[in-house]
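Asks: Each chain, written out:
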Amino acid sequence: ETGVTQTPRHLVMGMTNKKSLKCEQHLGHNAMYWYKQSAKKPLELMFVYSLEERVENNSVPSRFSPECPNSSHLFLHLHTLQPEDSALYLCASSQDPPGTDTEAFFGQGTRLTVV
Amino acid sequence: EDQVTQSPEALRLQEGESSSLNCSYTVSGLRGLFWYRQDPGKGPEFLFTLYSAGEEKEKERLKATLTKKESFLHITAPKPEDSATYLCAVQAGQLTFGKGTKLSVIP
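Quick mapping for you: the protein sequence lines, in order, are chains A and B.
Numbering of the first sequence is given in our numbering, commencing with residue 1 and proceeding in unit increments.
Numbering of the second sequence is given in our numbering, commencing with residue 1001 and proceeding in unit increments.
No wet-lab data here; the hints were simulated from the structure.
Keep in mind it's a predicted model, so treat the numbers as computed, not measured.
Any given hint could turn out to be false.
Claimed, not checked - Once the Cα atoms are required to be at most 30 Å apart in a straight line, the calculated BS3-like pairs of lysine-lysine come out as: (1) A:Lys36 to B:Lys1042; (2) A:Lys22 to B:Lys1068; (3) A:Lys22 to B:Lys1063; (4) A:Lys36 to B:Lys1099; (5) A:Lys19 to B:Lys1059; (6) B:Lys1042 to A:Lys22; (7) B:Lys1099 to A:Lys22; (8) B:Lys1042 to A:Lys41.
Next up, chain A with everything else stripped away, as it sits in the complex:
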């Protein structure tokens, strides 16, 4: 496989459930990102990892918990979500750390619906 792969592609969960989103990049990149995309809104950066260390957390609620066990894998653990958390969650990776002029490559996203 090449590029950035996200699983699952679709997820429906109740507000009391716990689930995890998975992202794997096959590009040898050093930085990975989680973005949230809601209708009519720009992509919102949630978390950034550079060389497996979290470098940014844009005031995301604690019901979202990221994990980066190595430079190729990124997880987003979800618990006690709210209906307004329903969105497309996108993972991305870049060769160089954030703040440099390097393009990000995105996965296909996980469409999350909270019921």
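With chain A's structure known, arrange chain B on it following the hints.
Replies: Then chain B, alone, in the frame of chain A:
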């Protein structure tokens, strides 16, 4: 605060009817401006990076240009398969995206 504004929000074109999408930005210390294409239900697909005013890049029917305050994505003789949402993003401290322009090309 970095800001990116894309216009129009939506654009309908007849096949073969050329047009331009606009991305205006306010950022301190631009390191790069990026264009992405996004199909429904999918992740953004990287198209171009522009670094300095006056720079131009082309790919098939698409041409991106950059000035000190805005970027244009010119679409020449579009085809239905060019229908997508086109996203612009600027890189300073972090990557800031606009809301996108939804392009529909009618056969």
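Asks: Which hint numbers does the structure go against, in order from smallest to largest?
Replies: 2, 3, 5
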